[in-house]
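Chemist: Here's the letter readout for the chains.
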Amino acid sequence: MKYVDEFRARDLAEKLAVQIAAEAKPDRTYHLMEFCGGHTHAIFRYGVQDLMPENVKFVHGPGCPVCVLPVRRLDDAVELAEKHGVILCSYGDMMRVPGTKQRSLIKAKADGADIRMIYSTQDALKIARENPDRQVVFFAIGFETTTPPTAVAIKQAEAEGLENFSVFCNHVLTPSAIGHILDSPEVRDLGTVKIDGFLGPSHVSSVIGSEPYEFFAEEFAKPVVIAGFEPLDVMQSVLMLIRQVNEGRAEVENEYTRVVTREGNLKAQALVSEVFELRQSFEWRGLGEVPYSALRIRDAYAAFDAEKRFTVTEKQSREVKSCECPAILRGVKKPTDCKLFGTVCTPDNPMGSCMVSSEGACAAYWTYGRFREPAKQKAEAIA
Amino acid sequence: MCLAIPAKVTALEAGDMAVVALEGVKKRISVALLDDVSVGDYVLIHVGYALHKVSAEEAARTLALMAEAGILKEELEEITGGAA
Ligand code: SF4
Numbered sequence: 001m002k003y004v005d006e007f008r009a010r011d012l013a014e015k016l017a018v019q020i021a022a023e024a025k026p027d028r029t030y031h032l033m034e035f036c037g038g039h040t041h042a043i044f045r046y047g048v049q050d051l052m053p054e055n056v057k058f059v060h061g062p063g064c065p066v067c068v069l070p071v072r073r074l075d076d077a078v079e080l081a082e083k084h085g086v087i088l089c090s091y092g093d094m095m096r097v098p099g100t101k102q103r104s105l106i107k108a109k110a111d112g113a114d115i116r117m118i119y120s121t122q123d124a125l126k127i128a129r130e131n132p133d134r135q136v137v138f139f140a141i142g143f144e145t146t147t148p149p150t151a152v153a154i155k156q157a158e159a160e161g162l163e164n165f166s167v168f169c170n171h172v173l174t175p176s177a178i179g180h181i182l183d184s185p186e187v188r189d190l191g192t193v194k195i196d197g198f199l200g201p202s203h204v205s206s207v208i209g210s211e212p213y214e215f216f217a218e219e220f221a222k223p224v225v226i227a228g229f230e231p232l233d234v235m236q237s238v239l240m241l242i243r244q245v246n247e248g249r250a251e252v253e254n255e256y257t258r259v260v261t262r263e264g265n266l267k268a269q270a271l272v273s274e275v276f277e278l279r280q281s282f283e284w285r286g287l288g289e290v291p292y293s294a295l296r297i298r299d300a301y302a303a304f305d306a307e308k309r310f311t312v313t314e315k316q317s318r319e320v321k322s323c324e325c326p327a328i329l330r331g332v333k334k335p336t337d338c339k340l341f342g343t344v345c346t347p348d349n350p351m352g353s354c355m356v357s358s359e360g361a362c363a364a365y366w367t368y369g370r371f372r373e374p375a376k377q378k379a380e381a382i383a
Numbered sequence: 384m385c386l387a388i389p390a391k392v393t394a395l396e397a398g399d400m401a402v403v404a405l406e407g408v409k410k411r412i413s414v415a416l417l418d419d420v421s422v423g424d425y426v427l428i429h430v431g432y433a434l435h436k437v438s439a440e441e442a443a444r445t446l447a448l449m450a451e452a453g454i455l456k457e458e459l460e461e462i463t464g465g466a467a
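Line by line, the protein sequences are chains A and B. Under the working numbering, the residue at position 189 of the first sequence is numbered 189, and the numbers go up by one with no gaps. Take the position in the second sequence, starting the count at 1, then add 383; the result is the number in the working numbering.
Note that these hints are calculated values from the structure, not bench results. Predicted, not measured: the structure shown is a model, and the values here were computed from it. Yeah, the Cβ is synthetic: ideal placement off N, Cα and C, and Gly gets one too. Take the hints with a grain of salt, since some may be wrong.
Residues from chain A shown here face chain B by an in silico Cβ test under 7 Å; the list is partial [stated by the list, open to error]:
| hint | residue |
| --- | --- |
| 1 | 120 |
| 2 | 145 |
| 3 | 146 |
| 4 | 152 |
| 5 | 159 |
| 6 | 206 |
| 7 | 258 |
Could you build all of it, start to finish, from the sequences and the hints given here?
Modeler: Now the structure itself:
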């Protein structure tokens, strides 16, 4: 219980742990997928898995924006900076992700490309204003929480007539990814990935609301509980999922009512649909091509679309050989199944995106779980 | 990158911008994604944008928890480190 000591609400956590153990039926298992990397991070940081009975297991989902970006799109961004000489603005998380031949933004920057780490799309606009004679491209990544800020920036650029600003859009959609996972052969036919329920994302849901999940709950008969990021939220949500499974219900429940409503942030949604439209298909690292799972900039704002402004070359993008990120992102493998984990690949020298982002499963395992998993396995082997 | 941090709005500015106070640090953020933000409101901030309003209690609770977990410092560094 070492990890529980680290937060004040330890009494509550222990009570919840007892309750979960009491309600989880010993004759079955509960595989719960936390879609969102923020939850993966919280689960490891607080050792939530250790508080669960043996038959309640977390399956880590693909909800880490940095992790799911296909290598080709990263290579394209590097090319924009290196060959087209633009000022490329990127969120910090993306900087160290290795592309083909381990070329990352940070390496390209060290070699002289003008790549700037920004915190907000407002910073990218500022750079564009200050450099009117340069092309400034914002490398937009992320789920539904980062999309509205990109939409605002595009509208603002239009209003200001900032002609040197454009966006390389890689925004993706959570519900399509969840649907794709539930539809995958590993879940549907092969049974290699078992999912009995979902912990729904917190902040993504604050934007899109809880309503978009109602479809899966019904269509795939899987319960969804939208969970806050705090460890107690996660535990409370696990309890709610266990109850749904026990009672044979498959509904969308909202544990995070402090912030999430059924309809979400309507203003943000309106801005997003004004500026973006669905792509027919988009490649996700690990999941492959997922239909209607990403956004592109509408024709009305084509002037700010970096994909229209610049032509990038077709390239043979390649992952680092034997990096298991793609299988990990599908929940098929665990970081410890990767030969490179903790030896060749560490947060200081990441071989794959799952080790770069603090929301990636490999980084979470390394930082918080590295010594516990093997120890636990050993203990089980002896017992 | 998934995290959002609560802060109190201390001033509203032109162009949907606002100043928030975060552990003694002042930061300019955008409130373009919210309707009716007032000085004194608590908002959750994500990549420089207020995503939604939260109650003062929720803000205090989240901040205390983030501080205990040691995430607060990292988040503050990320926020203040950016070209603001
Ligand atoms: S440990 Fe490194 S190489 Fe292995 S799957 Fe994770 S990120 Fe890829």
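Chemist: Do the numbers back the hint for residue 206 of chain A, that is, is its least Cβ distance to chain B under 7 Å?
Modeler: Residue 206 of chain A check passes; min Cβ-Cβ to chain B is 5 Å, inside 7 Å.
Chemist: Double-check residue 120 of chain A for me: the hint is only fine if its C-beta lies closer than 7 Å to a C-beta in chain B.
Modeler: Status holds, d = 2 Å.
Chemist: Given residue 152 of chain A as an interface hint, is its Cβ closer than 7 Å to any Cβ of chain B?
Modeler: 5 Å, holds
Chemist: Residue 258 of chain A was flagged as interface toward chain B. Is the shortest Cβ-Cβ separation under 7 Å?
Modeler: 5 Å, holds
Chemist: Taking the least C-beta to C-beta distance, is residue 159 of chain A closer than 7 Å to chain B?
Modeler: 9 Å, violated
Chemist: Given residue 145 of chain A as an interface hint, is its Cβ closer than 7 Å to any Cβ of chain B?
Modeler: Holds. Min distance 5 Å.
Chemist: Report holds or violated for the interface hint on residue 146 of chain A, using the least CB-CB distance to chain B and a cut-off of 7 Å.
Modeler: Check passed: Cβ of residue 146 of chain A comes within 6 Å of chain B, closer than 7 Å.
Of the hints listed earlier, the one the structure fails to meet is number 5.
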